[in-house]
Amino acid sequence: MSTKKLNQKEKYRCMTRDLDWEPSYQTKEGIYPFERFEGIRITDWDKWEDPFRLTMDAYWKYQAEKEKKLYAIFDAFAQNDSQTKISDARYVNALKIFLCAVTPVEYQAYQGFARVGRHFGGVGARLACQIQAIDELRHVQTQIHAMSHYNKHFNGLHDFAHMHDRVWFLSVPKSFFDDARSAGPFEFLTAISFSFEYVLTNLLFVPFMSGAAHNGDMATVTFGFSSQSDEARHMTLGLEVVKFLLEQHEDNVPIIQRWIDKWFWRGYRLLTVVGTMMDYMLPNKVMSWAEAWEMYFEQAGGALFKDLERYGIRPPKYVEQTTVGKQHISHQAWSIFYQHSQATNFHTWIPSDTELDWMSAKYPDSFDRIYRPRYQYWRDQQVKGERFYNQNLPMLCQVCQLSLSFTEPDDDTRLSHRSLIHQGERFHFCSDGCHDIFRHEPEKYLQARLPVHEILKGNCGGSNVEEVVRDYYHITSSEESFEYLGSPEHRRWQQWKNDEPKPDGDLPKVI
Amino acid sequence: MPVNAIGAYPAQSRDRLENFNGRQLLYLGWSRHLLFCAPMTFALPPEMTFGEFLESVVKPAIAPHPDAAFVDFAKAEWQLDDQPFAPDLAASLSANGIGHKSLLFLSTPGLDGIHGSHN
Chain S
1 MSTKKLNQKE KYRCMTRDLD WEPSYQTKEG IYPFERFEGI RITDWDKWED PFRLTMDAYW
61 KYQAEKEKKL YAIFDAFAQN DSQTKISDAR YVNALKIFLC AVTPVEYQAY QGFARVGRHF
121 GGVGARLACQ IQAIDELRHV QTQIHAMSHY NKHFNGLHDF AHMHDRVWFL SVPKSFFDDA
181 RSAGPFEFLT AISFSFEYVL TNLLFVPFMS GAAHNGDMAT VTFGFSSQSD EARHMTLGLE
241 VVKFLLEQHE DNVPIIQRWI DKWFWRGYRL LTVVGTMMDY MLPNKVMSWA EAWEMYFEQA
301 GGALFKDLER YGIRPPKYVE QTTVGKQHIS HQAWSIFYQH SQATNFHTWI PSDTELDWMS
361 AKYPDSFDRI YRPRYQYWRD QQVKGERFYN QNLPMLCQVC QLSLSFTEPD DDTRLSHRSL
421 IHQGERFHFC SDGCHDIFRH EPEKYLQARL PVHEILKGNC GGSNVEEVVR DYYHITSSEE
481 SFEYLGSPEH RRWQQWKNDE PKPDGDLPKV I
Chain C
1 MPVNAIGAYP AQSRDRLENF NGRQLLYLGW SRHLLFCAPM TFALPPEMTF GEFLESVVKP
61 AIAPHPDAAF VDFAKAEWQL DDQPFAPDLA ASLSANGIGH KSLLFLSTPG LDGIHGSHN
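These protein sequence lines are chains S and C, in that order. The first sequence finishes on residue 511 if you use the UniProt record's numbering, and the numbering steps up by one all the way, no holes. The second sequence finishes on residue 119 if you use the UniProt record's numbering, and the numbering steps up by one all the way, no holes.
Since the hints were derived computationally from the structure, they do not count as laboratory data. Computed from a predicted structure; not experimentally measured. A virtual CB, placed ideally from N, CA and C, is assigned to each residue, including glycine. Among the hints, erroneous ones may be present.
As the list claims (entries may be wrong) - Short derived list, chain S residues pointing at chain C, Cβ under 7 Å:
| id | residue |
| --- | --- |
| 1 | Q339 |
| 2 | P373 |
| 3 | R374 |
| 4 | Y377 |
| 5 | P394 |
| 6 | M395 |
| 7 | S405 |
| 8 | I421 |
| 9 | E425 |
| 10 | H440 |
| 11 | E441 |
| 12 | K444 |
| 13 | L446 |
| 14 | Q447 |
| 15 | K457 |
What the hints assert, rightly or not - With a cut-off of at most 30 Å between alpha-carbon atoms, the simulated DSS-like pairs for lysine-lysine come out as follows:
| id | chain 1 | residue 1 | chain 2 | residue 2 |
| --- | --- | --- | --- | --- |
| 16 | S | K47 | S | K306 |
| 17 | S | K306 | C | K75 |
| 18 | S | K457 | S | K497 |
| 19 | S | K61 | S | K47 |
| 20 | S | K152 | S | K66 |
| 21 | C | K59 | S | K457 |
Kindly generate the complete structure, drawing on both the sequences and the hints.
This is how it looks when you write it as structure tokens:
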């Protein structure tokens with residue numbers, strides 16, 4: 001006797017795998033023209049296992065339920081004036097980076113998955129990518145909606161899409177995704193689904209979302225929870241993709257290894273900004289960046305690469321440099337932003353005494369020796385009314401587009417620099433990792449649009465940085481940029497808290 | 001390796017010399033002085049003399065650092081693109097062998113940043 005209702009497995013078979021057909025008047029090669037040029041060999045798409053067996057109808061149902069809950073919380077957040085109940089207004093500066101850096105790359109992820117979801121010969125892979133594309137679009141929308149309430153009360157959130165395309169430091173996330181999206185479909189999946197989503201995304205979503213909770217930002221926390229189940233699916237897809245490719249043909253192994261090496265390094269550099277947000281922009285701390293790196297990469301990633309050993313995959317190249325770097329990169333990036341704060345859409349500041357002590361305790365090998373004396377000097381300058389800004393334009397890495405601000409893995413008092421000459425022109429890099437990425441595909445990266453060079457070519461309007469910031473970036477520097485203490489936003493926060501603004505702000509006392 | 005692409009992949013450097021309106025890029029770093037977060041980028045006429053570069057570019061650029069006032073440029077040591085370099089103050093940047101996108105590092109022995117912290 002046949003049942004009237006399909007069970008989950010049958011549903012998946014009928015509503016996913018059965019949607020495919022054998023073409024009769026076009027060749028498969030003609031329909032999927034991008035499946036071979038990367039050198040990846042697929043012998044049997046039917047071996048693709050979708051670990052979630054999600055069908056479109058179930059997907060819509062789950063997502064609609066999540067949305068309903070999420071928007072109820074957003075409404076409550078707005079109605080209760082919850083922006084006044086966060087830990088401190090400095091926290092919102094992390095959201096300004098998030099909205100300008102992360103939200104637009106979620107959109108890029110949507111575009112990327114929509115594209116590769118067209119180009120795979122296997123229906124299981126196509127559907128998984130299409131569902132992820134819709135997820136990413138949902139994340140864009142919900143992030144914008146979560147932050148739109150802050151936009152009513154804080155500066156720097158008003159033109160995030162425009163800023164993402166133009167503001168100097170946002171070329172770091174933008175170029176990361178441009179690189180992935182302009183690669184072939186299999187490299188895109190290895191880059192985004194595996195190296196980023198599976199290996200590294202926990203570093204953004206777990207500690208940063210806990211940070212939002214610790215700092216009273218229930219809108220962002222709820223968004224985080226709402227996307228968490230999507231992220232879990234994306235991570236599983238990432239691992240599935242890589243295992244599938246490795247099992248399909250042994251020729252795939254060296255190609256995948258090179259992509260893992262490349263995208264691990266690119267992801268690590270990108271996460272420098274997240275490290276800074278965690279260590280410096282969360283007034284209530286959850287864990288240090290170094291601790292997050294140990295927990296979510298060294299431990300979890302260590303187990304993963306042990307598991308992948310049987311496929312002939314080794315841990316990413318230069319992974320040992322990240323063990324040294326975790327002691328430094330968040331401080332190095334905060335120093336970049338602090339001294340170039342005249343050109344950012346968010347504020348910077350010197351951490352309070354309590355925060356400095358926290359960093360000394362969390363970074364015993366580096367902080368007191370290098371970074372604390374630096375902050376002490378900057379704070380002294382600020383007390384004298386000579387807040388330090390660097391008026392010079394920084395030198396950028398041709399690949400990751402961060403400034404050359406990292407130190408050598410074996411000497412943390414010396415800037416790390418690599419260079420090479422390609423067709424008569426010199427190119428510069430922040431690290432061995434970025435140098436190797438360029439050397440493998442120089443034609444791709446010699447087209448990089450480095451924001452500093454564009455300013456010097458006169459491509460960003462304006463004859464000076466002030467005009468570029470105002471007219472080209474759309475940053476109103478008197479409101480959005482410069483030091484936090486004494487900023488309009490700081491004064492407004494004090495008024496909300498019924499504190500009379502003090503003439504010199506509440507500068508932490510000089511030790 | 002050439003880019004693995006779906007077709008021909010002609011590519012031109014975006015930062016080639018001709019795109020800088022007669023100027024060339026020069027990067028300047030100061031060893032053991034991490035207070036400045038990175039080497040600095042300048043677009044300069046290649047015919048500028050090194051002496052002029054020192055006076056009108058280097059000195060103002062490093063001036064915000066408290067060590068700047070103590071730098072004795074007669075004793076300063078230079079590295080040009082990772083090689084030891086002895087500049088000729090009267091000669092132009094190009095005559096000194098400084099090319100487009102060269103990296104110049106200034107070392108000032110005896111000055112090790114704020115309280116010797118390499119900042």
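Hints, one by one, checked against the model:
1. Of the supplied interface hints, the one on Q339 (chain S) holds, with its beta-carbon coming within about 6 Å of a beta-carbon of chain C, less than 7 Å.
2. For P373 (chain S), the shortest C-beta to C-beta distance to chain C is roughly 4 Å, which falls under 7 Å, so the interface hint holds.
3. Among the interface hints, the one on R374 (chain S) holds; its C-beta lies about 4 Å from the nearest C-beta in chain C, closer than the 7 Å criterion.
4. Taken as an interface hint, Y377 (chain S) checks out: its beta carbon lies about 5 Å from the nearest beta carbon of chain C, inside 7 Å.
5. Contact between P394 (chain S) and chain C, as hinted, is supported at the beta carbon level, the nearest pair being about 4 Å apart and thus within 7 Å.
6. Annotation: M395 (chain S) was flagged as interfacial toward chain C, and the flag holds, the nearest CB pair being 4 Å apart, inside 7 Å.
7. Look at S405 (chain S): its Cβ gets to within about 5 Å of chain C, closer than 7 Å, so that hint holds up.
8. Residue-level restraint check for I421 (chain S) is violated (minimum Cβ-Cβ distance to chain C is 9 Å; threshold 7 Å).
9. With a cut of 7 Å, the hint placing E425 (chain S) at the interface with chain C holds, because the nearest CB-to-CB distance is about 5 Å.
10. The closest approach between the C-beta of H440 (chain S) and any C-beta of chain C is roughly 5 Å, which is under the 7 Å cut-off, so the hint is satisfied.
11. Annotation: interface hint on E441 (chain S) holds; nearest CB of chain C at approximately 5 Å, less than 7 Å.
12. At a threshold of 7 Å, the smallest CB-CB gap from K444 (chain S) to chain C is about 5 Å, leaving the interface hint in force.
13. A hinted interface residue such as L446 (chain S) counts as satisfied when its beta carbon comes closer than 7 Å to some beta carbon of chain C; here the least separation is about 4 Å, so the hint holds.
14. The beta carbon of Q447 (chain S) is positioned within 7 Å of a beta carbon in chain C (closest approach about 5 Å), and the interface hint is therefore held.
15. The interface hint given for K457 (chain S) is met, as the beta carbon of that residue sits about 6 Å from the closest beta carbon of chain C, less than 7 Å.
16. Pair hint K47 (chain S) plus K306 (chain S) holds up; C-alpha atoms about 23 Å apart against a cutoff of 30 Å.
17. As the CA atoms of K306 (chain S) and K75 (chain C) are separated by approximately 54 Å, the hinted pair breaks the 30 Å bound.
18. For the given pair, K457 (chain S) sits about 46 Å from K497 (chain S) by alpha-carbon distance, which is inconsistent with the 30 Å threshold.
19. Taking the CA atoms of K61 (chain S) and K47 (chain S), the gap is about 28 Å. The hint holds against a cut of 30 Å.
20. In summary, the hint linking K152 (chain S) to K66 (chain S) is supported, as the alpha carbons are separated by about 25 Å, within the 30 Å threshold.
21. At roughly 23 Å between alpha-carbon atoms, K59 (chain C) and K457 (chain S) fall within 30 Å of each other, so this suggested pair holds.
When held up to the earlier numbered hints, the structure conflicts with 8, 17 and 18 and fits the remainder.
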